[in-house]
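Using the hints, position chain Z against chain G.
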Amino acid sequence: MDLLANLALGFETALTPANIFYCFIGVLLGTLVGVLPGIGPTGAIAILLPITFTFEPVTAIIMLAGIYYGAQYGGSTTAILINLPGESSSAVTAIDGYQMARQGRAGPALATAALGSFFAGTVATMLVAVAAPPLARLALQFGSAEYFALIVLGLVASVALAHGSIIKALAMIVLGLLLGMVGQDIYTGTPRFTFGFFELYSGINFVSVAVGVFGLAEILRNLENETTRSVLVKKVERLWLSKDDFRRIAMPVLRGTGLGSILGILPGGGHVLASFASYSIEKKSSKHPEQFGKGAIEGVAGPESANNAAAQTSFIPLLTLGIPAHPVMALIIGAFIIQGIQPGPNVITSEPALFWGVIASMWVGNILLVILNLPLIGLWVKMLTIPYRVLFPAIIAFACIGTFSINLNAFDIYAIAVLGIIGYVLVKLDCEPAPLLLGFVLGPLLEEHLRRAMIISRGDPMTFLERPISAGLLALAALAIIVSILPSIRRKRDEVFVEED
Amino acid sequence: MTARYSLKNLLAGLIFVGFGLAFGYAASNYPIGTALRMGPGYFPIILAVIMVVLGAIIVVQSFREGTDEIALGAIPWRGLVLLIGALVFFGFTVRGLGLLPSLFVTVFLAGFASRSNGLVGALVLAAGLTALCMVIFVWALGLPLPLFGPWLAALGL
Numbered sequence: 000m001d002l003l004a005n006l007a008l009g010f011e012t013a014l015t016p017a018n019i020f021y022c023f024i025g026v027l028l029g030t031l032v033g034v035l036p037g038i039g040p041t042g043a044i045a046i047l048l049p050i051t052f053t054f055e056p057v058t059a060i061i062m063l064a065g066i067y068y069g070a071q072y073g074g075s076t077t078a079i080l081i082n083l084p085g086e087s088s089s090a091v092t093a094i095d096g097y098q099m100a101r102q103g104r105a106g107p108a109l110a111t112a113a114l115g116s117f118f119a120g121t122v123a124t125m126l127v128a129v130a131a132p133p134l135a136r137l138a139l140q141f142g143s144a145e146y147f148a149l150i151v152l153g154l155v156a157s158v159a160l161a162h163g164s165i166i167k168a169l170a171m172i173v174l175g176l177l178l179g180m181v182g183q184d185i186y187t188g189t190p191r192f193t194f195g196f197f198e199l200y201s202g203i204n205f206v207s208v209a210v211g212v213f214g215l216a217e218i219l220r221n222l223e224n225e226t227t228r229s230v231l232v233k234k235v236e237r238l239w240l241s242k243d244d245f246r247r248i249a250m251p252v253l254r255g256t257g258l259g260s261i262l263g264i265l266p267g268g269g270h271v272l273a274s275f276a277s278y279s280i281e282k283k284s285s286k287h288p289e290q291f292g293k294g295a296i297e298g299v300a301g302p303e304s305a306n307n308a309a310a311q312t313s314f315i316p317l318l319t320l321g322i323p324a325h326p327v328m329a330l331i332i333g334a335f336i337i338q339g340i341q342p343g344p345n346v347i348t349s350e351p352a353l354f355w356g357v358i359a360s361m362w363v364g365n366i367l368l369v370i371l372n373l374p375l376i377g378l379w380v381k382m383l384t385i386p387y388r389v390l391f392p393a394i395i396a397f398a399c400i401g402t403f404s405i406n407l408n409a410f411d412i413y414a415i416a417v418l419g420i421i422g423y424v425l426v427k428l429d430c431e432p433a434p435l436l437l438g439f440v441l442g443p444l445l446e447e448h449l450r451r452a453m454i455i456s457r458g459d460p461m462t463f464l465e466r467p468i469s470a471g472l473l474a475l476a477a478l479a480i481i482v483s484i485l486p487s488i489r490r491k492r493d494e495v496f497v498e499e500d
Numbered sequence: 000m001t002a003r004y005s006l007k008n009l010l011a012g013l014i015f016v017g018f019g020l021a022f023g024y025a026a027s028n029y030p031i032g033t034a035l036r037m038g039p040g041y042f043p044i045i046l047a048v049i050m051v052v053l054g055a056i057i058v059v060q061s062f063r064e065g066t067d068e069i070a071l072g073a074i075p076w077r078g079l080v081l082l083i084g085a086l087v088f089f090g091f092t093v094r095g096l097g098l099l100p101s102l103f104v105t106v107f108l109a110g111f112a113s114r115s116n117g118l119v120g121a122l123v124l125a126a127g128l129t130a131l132c133m134v135i136f137v138w139a140l141g142l143p144l145p146l147f148g149p150w151l152a153a154l155g156l
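Chains G and Z, in that order, give the protein sequences.
Numbers 0 to 500, taken from numbering that gives the first Met the number 0, label the letters of the first sequence in order.
Numbers 0 to 156, taken from numbering that gives the first Met the number 0, label the letters of the second sequence in order.
Hints should not be assumed to be uniformly reliable.
[To be verified] A few chain Z residues that face chain G, going by a derived Cβ cut-off under 8 Å, partial list only:
hint : residue
1    : A11
2    : F18
3    : L20
4    : A25
5    : V58
6    : V59
7    : A73
8    : L79
9    : A85
10   : S113
11   : S115
12   : L142
13   : P145
Note that these hints are calculated values from the structure, not bench results.
Virtual Cβ for every residue (Gly too), placed ideally from N, Cα, C.
The following block holds chain G by itself, in its conformation from the complex:
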């Protein structure tokens, strides 16, 4: 009954008034950035990260996590109401959700999304609680060779699961790794790539990288062609489901939850893949596949459950291994480090209240989200009408103050400008920014473990292949690259993602 005792500790932590309050603020902000155009959870968390530095560690992580899964909810609202997915993972929700809204069934569509997400969130949170401790115990036996192999696998898998050119994504990872090398060398103290700037001795500030590449670059992208958005549904009515609706969504929600829970653990955009895969499965297994694309409620229920389940289980690699599955998790790792906690398998034993508190808060957050999203839907519909020309100066203002307040150093602000331009140019050339940020965060870790493993093995690189776990992980990484380059798999992969266009 360890699990119950642990969960009790978790709820004790999560249910303090301060933590409930910041969990609420987190999911509120998350829903907001999910609803608002032009800013995703990565940019929002990067901008808000500095604010959390003054909080208790557990409170900070609870709020940041809330922003992340809150954004999954908010993204589906815009997808259904205005056919513009707020997040990439709700792109599939737009297909049938928007059609339902056009048929006057916006209420049931929103209710399906909220209830499916809640169910998936609850199950996935339980899964995190059950699966994390044994994984953390396993990870405690990892040496540097295993960690090196694990990081390589994580980086490669994030490419294989994303869409677009694989070579370009690999190049973005390497560029991120190189940017992560900037600063003093950990073993010798030699300053690297600092161009004589003393500010760069401790490396490029990762908040600057995230705000530049995800915030500024995104704004510049949006300024290319400014358009106004029209809201289809001014008022949402009948926010409940009929008996028939319940019957139709039961199986898609269950299947979506299972699929999302598994894919979420995989590195790199697992939640995006999960929602696309769930949609294809529902379409294939439906007795009326012709209804899909014309407002099938199953096409909302499955993907929404899948992406929310994946959003929760993507915390598993973070909490047990200290390895981020995607950019948002990389930022949360940064938050751990700034709070003075080394993320990894030790967190569960050294900070049990934090570990279980964050897990319990996810469930609390999911309840708060249902309350926020169903009765208060009118408020979010109003939010949709905030014009972008008001929004992006606010993002700039928040980014400036937030980033500056970390170190009180103007250099971090200039870094946003430089990285924003680099990010904008690369995004314009169809290079995804997510691998770059992952590489940037994992670069120093990768180098440290490589060098340490080589010292331990007395300079014999075969150590990575002689240790079974390390060899297995590297084999998986090699397999992931080979498989994703094979033409037949490529076509299949494009098929899964094709519905987005």
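Below, chain Z alone, put in the same frame as chain G:
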């Protein structure tokens, strides 16, 4: 005139090759060490070589895959210049002018970056957002940043 290569891939590849060469050149100044005791230059040089190779593959691909499906599109020069200007202005003046005036000008510049904001609109936006940020960061979060800086005091204001 129809180009028979992918401009996007060509440019991206060249940028990656450029970054690889620049990092590789800089890293060659650091001690490389041995495989047993890697110096500060060892890992960056490996990465730089991979970077150049990947960039070269993308360049070669750009001549194979034909033209881009979606053209490069316009560059929002006004937004680019004003937004970068806004960030640099904030970094340069936040200590000297203090948070309040520095933020006001920054938001004004940023607001003006959109073609749909006029002069008056940008001013109103700047006033409103500055006030909002004061409430959130200074009043609610207690950020320890002086509202007015030494430059204004020197002017006798």
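Original post:
Which of the numbered hints are not met once you compare them with the structure shown?
Top reply: 3, 5, 6, 13
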